[in-house]
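Peer 1: Could you build all of it, start to finish, from the sequences and the hints given here?
Chain by chain, the residues:
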Amino acid sequence: MNILHDARLDGELVQHDRAEVLAALSRAAPGLTLLHREEDLRPFECDGLAAYRVLPMLVALPETLDQVEALLRKCHEVRVPVVTRGAGTGLSGGALPLEQGVLLVMSRFNRILEIDADARIARVQPGVRNLAISEAVAPHGLYYAPDPSSQIACSIGGNVAENAGGVHCLKYGLTVHNVLSIDVMTIEGERMTIGSSALDSPGFDLLALMMGSEGMLGVVTEVTVKLLPRPETAKVLMASFDDIEKAGSAVGAIIAAGIIPGGLEMMDNLAIRAAEDFINAGYPVEAEAILLCELDGVEADVQQDIDTVRGVLETSGATGIQLARDEAERARFWAGRKNAFPAVGRMSPDYYCMDGTIPRRELPRVLKGISQLSEEYGLRVANVFHAGDGNMHPLILFDANREGELATAEALGGKILELCVEAGGSITGEHGVGREKINQMCAQFGSLEITAFHAVKRAFDAHGLLNPGKNIPTLARCAEFGAMHVHNNELPHPELPRF
Amino acid sequence: MSVTAPSMAPHDDLVNLAERLQQADRDGSAIRIEGGGTRYFTGRQVTGEVLSTRQHRGITSYDPVELIVSVRSGTLLQELEASLAEQGQMLPFEPPRLGEQGTIGGMVASGLSGPRRPWAGAVRDFVLGMRVLDHQGREQRFGGEVMKNVAGYDLSRLMVGAQGSLGLITEVSLKVLPIAGTSRSLRLEMSRDQAMQKLSVWGRKPLPLSGATWHDGALHLRLEGGPGSVTDTAAMIGGDRLDDRYWQQLRDWQLPLFSRESLHTDPRPLWRLSLPAQTPPLPLPELEDAIQIDDWAGCQRWLRTDIDATTLREACTRAGGHATCFTPGHTTPFTPLASAVARYHRQLKQQLDPRGIFNPGRLYPDL
Ligand SMILES: Cc1cc2nc3c(=O)[nH]c(=O)nc-3n(C[C@H](O)[C@H](O)[C@H](O)COP(=O)(O)OP(=O)(O)OC[C@H]3O[C@@H](n4cnc5c(N)ncnc54)[C@H](O)[C@@H]3O)c2cc1C
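Quick mapping for you: the protein sequence lines, in order, are chains A and B. So in full-length UniProt numbering, spot 289 of the first sequence is number 289, and the numbers just go up one at a time. So in full-length UniProt numbering, spot 2 of the second sequence is number 2, and the numbers just go up one at a time.
In case anyone wonders, no lab produced these hints; they're calculated from the structure. Please note: incorrect hints may appear among the correct ones.
Below, in silico cross-link-like pairs of lysine-lysine (BS3-like), each with a Cα-Cα straight-line distance of 27 angstroms or less [unchecked claim]:
| id | chain 1 | residue 1 | chain 2 | residue 2 |
| --- | --- | --- | --- | --- |
| 1 | A | 415 | B | 205 |
| 2 | A | 246 | A | 368 |
| 3 | A | 74 | A | 171 |
| 4 | A | 368 | A | 415 |
| 5 | A | 368 | B | 198 |
| 6 | A | 226 | A | 171 |
| 7 | A | 226 | B | 198 |
| 8 | A | 415 | A | 246 |
| 9 | A | 226 | B | 205 |
Computed from a prediction, not measured in an experiment: that's the story for all the values here.
Peer 2: This is the structure we're talking about:
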């Protein structure tokens, strides 16, 4: 449990008097909306990881870049930490407030500044919702490709900060592949444009560095995205399996056939039943697993790909294969998948969403491992994946009102992530480390890499004021965490002092 | 025993490389990292002791089903491409092959991509992970062999195009893709304006475009995809058949404008302009008689011109792009950075290479 900032393990923070900071910021940034009463702060106490809650010292809701600049300069001057928040849909506690910090909410920057259909780019403010971009450019036959399931709510600034993906990123890439440039403000209030509307820029690829940096290196104040022409047609095949491992193998077989589907998603029986119950997507509730395979592009090619994939699925032992007959059915198939989280949420008072990635070939083995862990810890796990790119979302069902169950869920989640790392994967594919997975970072990286990450952080934020305690653990934390998790009798980070 | 062809057998040279770096860090002496030496002119000259990656070579893992390959930095690009081709796969970003000795390390550190770039992505878009030796010769591993990974900062992509100035790349994991089933090349006589108009219209449609270059009064197009879409699109677009080898010549800098011979004999510098889509020709009278190829649907323009660097760069900057000079020995090959951006470059360099041993001055004098 890592909710509260722990000075011993996360680094010292300067203590401040709320009234003084409030007065200083009001003077520095005239007209800036600042919330300080408990009832006003309450709605901001958590992001999408609702199990983690902390009331911020203050909430700032700027409307102009000058206000953001003034706020950052002042916070830098008096050493008040700043946590940036977009729409607050993040699932790793990246926007979890700090008791001693200001929560900088960027949601009022919600204007689309420019659409250039000829150049196929859109320039938007960071608080613009992901889906709003695609909606705004739809009349030009264009769209913005990364489509996180939270796309009706999440902000493009948050997408940049998390390098968000979606069900179509196997073919169309993550945020990093679809953003051309960003404007950033550093903790010192310095403004920078990183990247450009051209396809590359001189110097280091700071754009890539900023992607997924979780508000640790700067505040994103503007984003220029690349737009794609909407595919002429998209067809989705749903295949059912009586064995989840067969479904896992089919995923690799499709790719091996030389096909890159627009989306390739998998759900296990628990997730299928939950989604069916919630959405009536038309899923086969008795199947052990389903695969949704979307093929998009030009009509002639798509038809050919459907035939190929159908063949592969049959050989892989699918018990049923269904092609969505029309657009309505296709939308229904996807609705089941896109609503899988809330659907699972209806089956249990609480759920905890994991986000590990693994090499595809490890799918069958890791799935088996998860089901063993699930039994061992006595908590049900529903599995939803971006199977095409090996990104798993095991959803752990639990009841926070039951004594100790949150802790059990977290421990189980930690084990699942370690299993992913051991299989050659990562503790997070798209939801980020945030506060939640700060300890698991020590399982994925050695102290050399962590030291390098801190070096990068220092280059942008020498005093560690942007989102402290998130994303990159201190070595002290790794020493402590490492002492608790011993693998094969080998201590991770053996060179570190133990506390 | 033959001494002519260097052995291509896999070899792990990590220990040696690490020792050399430790020594350099102790002495505070500069290291000039060298792969095949085919891209030496894509940056400023570095004075320093040469550290060759060539003995650190071999594909360490390749699973075609995963679409991922991991390869040591001293491996020859042509060797990797041959292994991928055997499995019907490729590096989609078409890195230029500027000589048979080109290595993967050089490909990544210089960050150059070929004709397919606007549609498929650049080198950095396909880098999934990296192993790097830091200034004390310690191996660090960033990213990994998975398609998605947002744990920690993306230091592997930061190394792409950094010209070896942040660390020594020892191994790279890359995403690869199947080679397209069908490919067709077309040549259409038309003016540059017409070409740009057409590209704008086609760009809004889901056509299987994977190359678009204008020069010498004609638009050169490549279509890649399934047979159906390629045939339909070719019929819709019209024009003459173009020899598919054109794209290889363009990619490998073998067209007359930038052939390696003229790189040394043509007195006029070779410039690469990177500009936003649909940027009109730069309003500079000096460019009227320049030889020019507009690649990447006009986003990458190659020029041979005597124009003053500052004038050219100012025009590019106004248009939202930048200009790089690829003539060997040029003192400022890269467009100078805006002051705030430059400051964070220096701070990053200072943090990751405090003794300044990695290719100092290769990118900019103070990096
Ligand atoms: C039901 C559900 C489904 C989801 N599905 C997906 C999915 O398919 N794929 C996926 O990738 N994610 C998914 N997510 C996670 C989440 O939506 C994404 O991480 C999203 O990018 C977060 O955006 P946000 O605006 O809500 O950011 P927030 O939650 O507000 O913040 C996230 C992080 O970004 C930082 N940040 C936010 N704005 C800025 C800014 N302007 N400048 C600098 N830093 C900033 C914050 O400090 C924090 O670290 C899902 C979440 C939910 C609740």
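Peer 1: Give a verdict on every hint.
Peer 2: Results of checking the hints against the structure:
Only pairs whose Cα atoms come within 27 angstroms are accepted, and residue 415 of chain A paired with residue 205 of chain B is rejected, the gap being roughly 46 angstroms. A hinted pair counts as satisfied when its Cα atoms are at most 27 angstroms apart, and residue 246 of chain A with residue 368 of chain A qualifies at roughly 12 angstroms. Restraint check for residue 74 of chain A and residue 171 of chain A: the C-alpha separation of about 44 angstroms exceeds 27 angstroms, so the hint is violated. For the suggested pair residue 368 of chain A and residue 415 of chain A, the alpha carbons sit about 13 angstroms apart, so the restraint of at most 27 angstroms is met.
Of the supplied pair hints, the one linking residue 368 of chain A and residue 198 of chain B is violated, its CA atoms being roughly 53 angstroms apart against a limit of 27 angstroms. Distance hint between residue 226 of chain A and residue 171 of chain A is fulfilled; the C-alpha atoms sit about 15 angstroms from each other, no more than 27 angstroms. For the given pair, residue 226 of chain A sits about 19 angstroms from residue 198 of chain B by alpha-carbon distance, which is consistent with the 27 angstroms threshold. Taking the CA atoms of residue 415 of chain A and residue 246 of chain A, the gap is about 24 angstroms. The hint holds against a cut of 27 angstroms.
For the hint pairing residue 226 of chain A with residue 205 of chain B, the CA-to-CA distance comes to about 15 angstroms; that is within 27 angstroms, so the pair holds.
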